[in-house]
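J.: Dock chain to chain to rebuild the complex, using the hints, since each chain is given by itself in its own frame.
Those sequence lines, one after another, are chains Y and W.
The numbering of the first sequence is the numbering used here, which starts it at 1 and goes up by one.
The numbering of the second sequence is the numbering used here, which starts it at 1 and goes up by one.
Be a bit skeptical, because a hint or two may be false.
[Said to hold, decoys possible] Residues of chain W clear of chain Y, computed beta-carbon distances all greater than 12 Å:
(1) SER11
(2) VAL12
(3) ALA13
(4) LEU14
(5) PRO43
(6) LYS52
(7) ASP59
(8) PHE61
(9) SER66
(10) THR73
(11) ALA75
(12) LEU108
[To be verified] Computed spacing ranges between beta-carbons, pair by pair:
(13) W/PRO54 with Y/SER71: 25 to 33 Å
(14) Y/VAL11 with W/SER66: 44 to 52 Å
(15) Y/GLY66 with W/ALA25: 25 to 33 Å
(16) Y/SER17 with W/THR106: 37 to 45 Å
(17) W/LYS52 with Y/GLU1: 17 to 25 Å
These are computed hints drawn from the structure, not numbers from a lab.
Note that the Cβ used here is the ideal one computed from N, Cα and C, for glycine as well.
Here is what each chain is made of, one letter per residue.
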Amino acid sequence: EVQLVQSGTEVKKPGESLEISCEVSGYSFTNYWIAWVRQMPGKGLEWLGLVYPGDSDTRYSPSSQGRVTMSVDRSSGTAYLQWSSLKAADTALYFCARVNMLTGHYFDYWGQGTVVTVSS
Amino acid sequence: SSELTQDPPVSVALGQTVRISCQGASLRSYYANWYQQKPGQAPILVIYDKMKRPSGIPDRFSASGSGDTASLTIAGAQADDEATYYCNSRDSSDNLYVFGPGTEVTVL
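Next comes chain W alone, as it looks inside the complex (with noise of 0.2 Å):
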């Protein structure tokens, strides 16, 4: 099956930018999605079809992607924004959906 990495920790001064990064030959097929999960609450999803986002996500999220690779930016980090975040996308195997190990993101 296929599979997907992401970055190591990140940290970001509130306020500012951040960009991490997924990648996976399953996103040369399939649009990545990314999900948001603070410790001991269920992941929320925030971009779904590479850069779509969902009702209620607030517009400093944003992604794109090329290739195998896709990327989530978060512009003008808040401190709500801090969590670990996930990359999934289907796959073509028998492991029909695969997520990354997931980034976390560190506010400061």
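One chain only, chain Y, in its complex shape (with noise of 0.2 Å):
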């Protein structure tokens, strides 16, 4: 079974960093595409970016260059989401999604979310 399990709720101040996880199980991870999807507090889906476990090759929304960086560790399967000086326009649910590509483009896997509060 195709499992992608994220970390839980952070609270963090501007300024601060932080990293979230999503840990995959169930197919090979290193041969899927994983994207970010951010969905600001009573709004819709919104791409940030890809990684790909396999050479760590990402590609960024233009809207997230530069303010987050993806990256992954195959060693455990895992896909993470960085940043390095949170903002409180950050505060969102972000999902983690397994992109498959085999025919067109599609996000068949999703993550729980993981919710996360930047405030003073």
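T.: Following this line, the structure appears as structure tokens:
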């Protein structure tokens, strides 16, 4: 069974750093891109970027470029989303999702989400 | 980057059929996918590659599309179908993937 399990709720202050995780199981981690998707309070879904566990290649959306870093640990089957200096505007629910590119491109399995709250 | 637009909130009587749409230039080049999201939960893929249904998704969910428009149909809506539905596709700009704003479906 494919599963993506994300780390727990985070409450941080502006300027602090943060790393959230997404541990996968049930498939070969290095064969599928992992996407990160943001959902700001009361809003819709927004794609932030991709990371390919096979070689750590990344693609960022224009809005997330320079704001976040995506990485993986192949030994543990875990993908990470990192901030070096959080802002209040980073407050959101963050999802990781497996990207299936066998035919079209779609997000076929999702993590349960990680709530990040940034407040002074 | 391209944008996807979706219908405003809709309501459907229990057991009736509802069709929601998604429109955008990216749909002329790439397949539409549809996701169901209930409050506080992760999205679930209900349709991929314009009209394919993942295993475990009821056959009351179907989809179609032509040109720059894609549609999701729920035939015989159930109370459990009450959710927000997002369309998404690839995009040819630097923003590789785009989501629509979502359509909230209420089952009466």
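J.: Now tell me, hint by hint, if it's right for this structure.
T.: Consistency of the hints with the structure:
1. SER11: Correct as stated: the minimum Cβ-Cβ distance to chain Y is 19 Å, above 12 Å.
2. VAL12: Per Cβ check, W/VAL12 is outside 12 Å of chain Y; nearest 21 Å; holds.
3. ALA13: holds, 26 Å
4. LEU14: holds, 26 Å
5. PRO43: Given that some Cβ of chain Y is not farther than 12 Å from that of W/PRO43, nearest at about 6 Å, it is violated.
6. LYS52: Given that some Cβ of chain Y is not farther than 12 Å from that of W/LYS52, nearest at about 8 Å, it is violated.
7. ASP59: holds, 18 Å
8. PHE61: holds, 15 Å
9. SER66: holds, 16 Å
10. THR73: W/THR73 is indeed farther than 12 Å from all Cβ atoms of chain Y, at 18 Å.
11. ALA75: holds, 22 Å
12. LEU108: holds, 23 Å
13. W/PRO54 with Y/SER71: 25 to 33 Å: holds, 29 Å
14. Y/VAL11 with W/SER66: 44 to 52 Å: Given about 47 Å between the Cβ atoms, the range holds.
15. Y/GLY66 with W/ALA25: 25 to 33 Å: Since the Cβ atoms of Y/GLY66 and W/ALA25 sit about 27 Å apart, the hinted range of 25 to 33 Å holds.
16. Y/SER17 with W/THR106: 37 to 45 Å: holds, 41 Å
17. W/LYS52 with Y/GLU1: 17 to 25 Å: holds, 21 Å
Comparing the model with each numbered hint stated earlier shows that hints 5, 6 do not hold.
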